[in-house]
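Read top to bottom, the protein sequences are chains A and B. Residue numbering for the first sequence follows my numbering, starting at 1 and increasing by one per position. Residue numbering for the second sequence follows my numbering, starting at 1001 and increasing by one per position.
FYI, nobody ran anything at the bench for these hints, they're computed from the structure. Cβ coordinates follow ideal geometry from the N, Cα and C atoms, glycine included. Hints should not be assumed to be uniformly reliable.
Claimed, not checked - When the alpha-carbon atoms are kept at most 27 Å apart in a straight line, the in silico DSSO-like pairs for lysine-lysine are as follows:
no., chain 1, residue 1, chain 2, residue 2
1, A, Lys101, B, Lys1071
2, A, Lys3, B, Lys1057
3, B, Lys1083, B, Lys1014
4, B, Lys1014, A, Lys101
Unchecked claim - Between beta-carbon pairs, the in silico distance windows are:
no., chain 1, residue 1, chain 2, residue 2, range
5, A, Lys16, B, Asn1053, 46 to 54 Å
6, A, Lys101, B, Val1052, 13 to 21 Å
7, B, Thr1020, A, Pro30, 26 to 34 Å
8, B, Thr1086, A, Glu15, 17 to 25 Å
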Amino acid sequence: AQKITQTQPGMFVQEKEAVTLDCTYDTSDPSYGLFWYKQPSSGEMIFLIYQGSYDQQNATEGRYSLNFQKARKSANLVISASQLGDSAMYFCAMREWGTYKYIFGTGTRLKVLA
Amino acid sequence: DGGITQSPKYLFRKEGQNVTLSCEQNLNHDAMYWYRQDPGQGLRLIYYSQIVNDFQKGDIAEGYSVSREKKESFPLTVTSAQKNPTAFYLCASSPTGDPYEQYFGPGTRLTVT
């Protein structure tokens, strides 16, 4: 069965430093996509980055990069040069291709310190 | 601008009353979803719909009902059978096909007393 695990309930990082948020997943399907979302205190979910299971290179979007290790089934989010506005909940999600069901992890609350 | 609207942002109801949460999208997406989020928790899927007039139960469908009469609209009714309805409800949509992320609405915070 599909499963997403985020083992870090909360993280602190100093402003301007990099931080890695962990995500491991479980699926028997070879075709899937992995997503990261940011949820500020306002509640809306903001899409950050996507990685496909067949992508050869790690995805990057500005200060966000995804450290994709397929054999270990991990898809960690790396935020470089943290900013105070990065303080939020971060969710990892997965969808197997051919289905319409997204599975979300329990999230990591990131606090950026000035 | 294209997007997803949910109304109202805050909703208060008395226990025993049914309440309907609105979700409208103008992104021309075929698939739509309803999630429930409890404080400090992740998102749990209530219902999803891949196409008009068709929908499937998610992981926590008991006490909820939906309809999909129009592509743009996917209202969620929280019935009196839902034991703990107080929560944050998020609606989302996505195109069909791969790969596509979900687009989320701003959410509705429902409080039942």
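Structure-based check of all given hints:
1. A:Lys101 <-> B:Lys1071: Measuring from Cα to Cα gives roughly 18 Å; hence the hint holds.
2. A:Lys3 <-> B:Lys1057: 18 Å, holds
3. B:Lys1083 <-> B:Lys1014: It holds: about 13 Å lies between the C-alpha atoms, which stays within 27 Å.
4. B:Lys1014 <-> A:Lys101: Distance of about 32 Å is beyond 27 Å: violated.
5. A:Lys16 <-> B:Asn1053: 46 to 54 Å: The hint (46 to 54 Å, Cβ to Cβ) holds, given that Lys16 of chain A and Asn1053 of chain B are roughly 52 Å apart.
6. A:Lys101 <-> B:Val1052: 13 to 21 Å: 19 Å, holds
7. B:Thr1020 <-> A:Pro30: 26 to 34 Å: Since the Cβ atoms of Thr1020 of chain B and Pro30 of chain A sit about 40 Å apart, the hinted range of 26 to 34 Å is violated.
8. B:Thr1086 <-> A:Glu15: 17 to 25 Å: 35 Å, violated
In summary, the numbered hints that this structure violates are 4, 7, 8.
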